[in-house]
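Participant: Construct all of the structure, not just a fragment, from the sequences and the given hints.
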Amino acid sequence: MLIINNLKASIEGKSILKGISLDIKPGEIHAIMGPNGSGKSTLAAVLAGREDIEITEGTVTYLGKNLLEMTAEDRAKEGIFLGFQYPIEIPGVSMVNFMKTAVNEHRKHKGLDPLSASDFLKMMREKKELVEIDSKLANRSVNEGFSGGEKKKNEIFQMAMLEPKLAILDETDSGLDIDALRIVANGVNKLKRPDNSFIVITHYQRLLDFIVPDVVHVLYDGRIVKTAGKELALELEEKGYDWIKKEIENNVTT
Amino acid sequence: MKEKSEITEKYLGLYKDNINKISGISSPFINSFRAPAFEKFSKLGIPSKKDEAYKYTNLNIFFDHDYENYFMPVPADFIKAEEFRCEVTDLDAYGVVLLNGFYPTLNEKLRQLPSGVWIGSLNAAAVQFSDIFEKNYGKYAKSETDGLIHLNTAMASDGVFVYIPEGVHMTRPVQVVNLVQSDDDTFNQHRNLIIAEKNSNFSIIICDHTLSPQKFLTNAVTEVFVGENAHFDIIRVQNEHNNACKITSTFIHQEKNSVTSSNNITLHGGLIRNNTYHYLGGEGAESYSYGLFLADKWQHIDNFVNVDHAFPHCTSNQLFKGVLDDMSTGAFNGRILVRPDAQGTLAYQKNNNILLTDDTKMDTKPQLEIFADDVKCSHGATIGQLDDDALFYLQSRGINKREARLMLMFGFAHEVIQNIKIEPLRERMDNLVMQRLKGELSRCASCMVKCM
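Protein chains in written order, with our numbering: chain A, 1 to 254; chain B, 1 to 452.
Just to be clear, a hint being listed does not mean it is correct.
What the hints assert, rightly or not - Below, simulated DSSO-like cross-link-like pairs (lysine-lysine); rule was C-alpha separation at most 30 Å, straight line:
#, chain 1, residue 1, chain 2, residue 2
1, B, Lys350, A, Lys136
2, A, Lys110, B, Lys16
3, B, Lys215, B, Lys55
4, B, Lys438, A, Lys108
5, A, Lys136, B, Lys421
6, B, Lys401, A, Lys8
7, B, Lys55, B, Lys198
8, B, Lys401, A, Lys136
9, B, Lys55, A, Lys165
10, B, Lys40, B, Lys135
11, B, Lys401, A, Lys151
12, A, Lys110, B, Lys401
By construction, these hints were calculated from the structure, which means they are not laboratory data.
Facilitator: This is the structure we're talking about:
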């Protein structure tokens, strides 16, 4: 589904990603863990098409196409979804209008007619139940005045509405209490199908108790320094990141 | 640039040339204000950029011009005005049309609505309702600095009068359509007086349109009295061509526990200056002052707000926004005055502007003068571009950049529009703003003039 090969990227001349390679197959859940500042969010933003990040080297192939040549909106319509670490508040733009526009853009891309108002509202209702989101939120402006938990649930709600093939969840668990975490994780699990994939970026093992990854990667200083099965997450939880840092430093010195 | 006195001289001359004609058609009470007002105007003159309150607005573009005509109506002039129909067809309102500031002579001058409400000509009301009129006219429109207020008092002879008796709740708003139309470049002045007595509830919509492409200058003053516990909303929709200048000064006097809102939506116009004065003249009064403008080409839009907290425990809130395109310019000046006795004041002010090109310019000036201790006051102003993070957020959901920009601008504007309580009008404004942002509204909606 997604093949990243030796991807290097910088922001304002500062090198952030220093050669990342990943291969994600349909139906897989990959967790990316790592300390702050290691480049996790930058990787997510590059995949979603943020323009202010400069790609200096490498390739990204998504469903056989060169992803880096596509605009952010085309990537979304081709099935990529980014769950934001800090969802943006947009005063004056209603959730309904936002989602209706997005869903219909996706439909247009697939050659489908726009949804009727009643079909759209029905779809909203179903998906809201899925993520246990307060139905009043749909009448408000996008994320405006939402609590931290509501914002994250709203990301999962949008994901449910857009049914992506590849969802990248950037620290969706940060700032969530255990109940909200469970709801978010349930949402993800319900949306999981054999033909779609997830990249779950997180600091903590906690989320991975609910969303079980097939592969865990550790990102450190712009590189993937370790890849293993789900047990790696437990090891990180127990020992922290220091032992990995030491391992790398030893490798460099020896 | 010419000296202030030279331009002022022109208007002193205009007064002298026309005063007999004007006085001849006006009520004696209105006429009794003219000489002292003229005196004041002679001292203050036409405001120039040297005046603090007008430092961002160059009025000379419109004032330094020979208007061939100081309009005096004849019945035939009103035929075209009568044909004008508001495009907001589902707006259920009592309609009034003013042509160049005059109430039509075709029908009766004052109309009685249910529950003893009266609407009609200011000049006629000065005679027919002399008691109420004399208690209110000229009492609220006061300025020690703005000569234009006095020029209006010296020369205006008609406009709209509305009287809402005590306890009357008007469910239908009154809609005043100000039309300007002439074969010559014309200078117009009119005067409105609105009286909403104790415990009443009333909304007025004022729409400004131009019907011919001539150069127009309008200097309008509106006085509003809002009695104890009364609710009053005024919504102004400005949609004029680029060769028109409109200066409005609205003075809202509030009594105890009254609640008012003012909303100035400027869709189009060459040079617009809206002065909105809120006087919180009794405990527990609340005032909300909103404004939105969309400017392009060489338009200049200036909103000047003055909120006077004269009594304790009053609340005021200002929200003004502007979207500037091409080489347009704008200004916002928001003054909050909290007098020594006005303890427990809550006063807020927000001014946000989006500049779409490098050639636009926006000046914003908060002015807080606080003389009481127990006061909660805040103000904030921003001038910037669209938020890149918000743009990316929308794009990341599959919405293309052009559409995403539109949504953000619309959302920005909608924050002001959403405060309009009259639903058909709110929807219409949303619609017009959307069309305007899409560039589909290159000239004023419902304007019959095909000017550029």
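Participant: Run every hint past the structure and note whether it holds.
Facilitator: Here is what the structure says about each hint:
no., hint, in the structure
1, B:Lys350 - A:Lys136, "27 Å, holds"
2, A:Lys110 - B:Lys16, "73 Å, violated"
3, B:Lys215 - B:Lys55, "23 Å, holds"
4, B:Lys438 - A:Lys108, "20 Å, holds"
5, A:Lys136 - B:Lys421, "20 Å, holds"
6, B:Lys401 - A:Lys8, "26 Å, holds"
7, B:Lys55 - B:Lys198, "38 Å, violated"
8, B:Lys401 - A:Lys136, "28 Å, holds"
9, B:Lys55 - A:Lys165, "57 Å, violated"
10, B:Lys40 - B:Lys135, "22 Å, holds"
11, B:Lys401 - A:Lys151, "23 Å, holds"
12, A:Lys110 - B:Lys401, "19 Å, holds"
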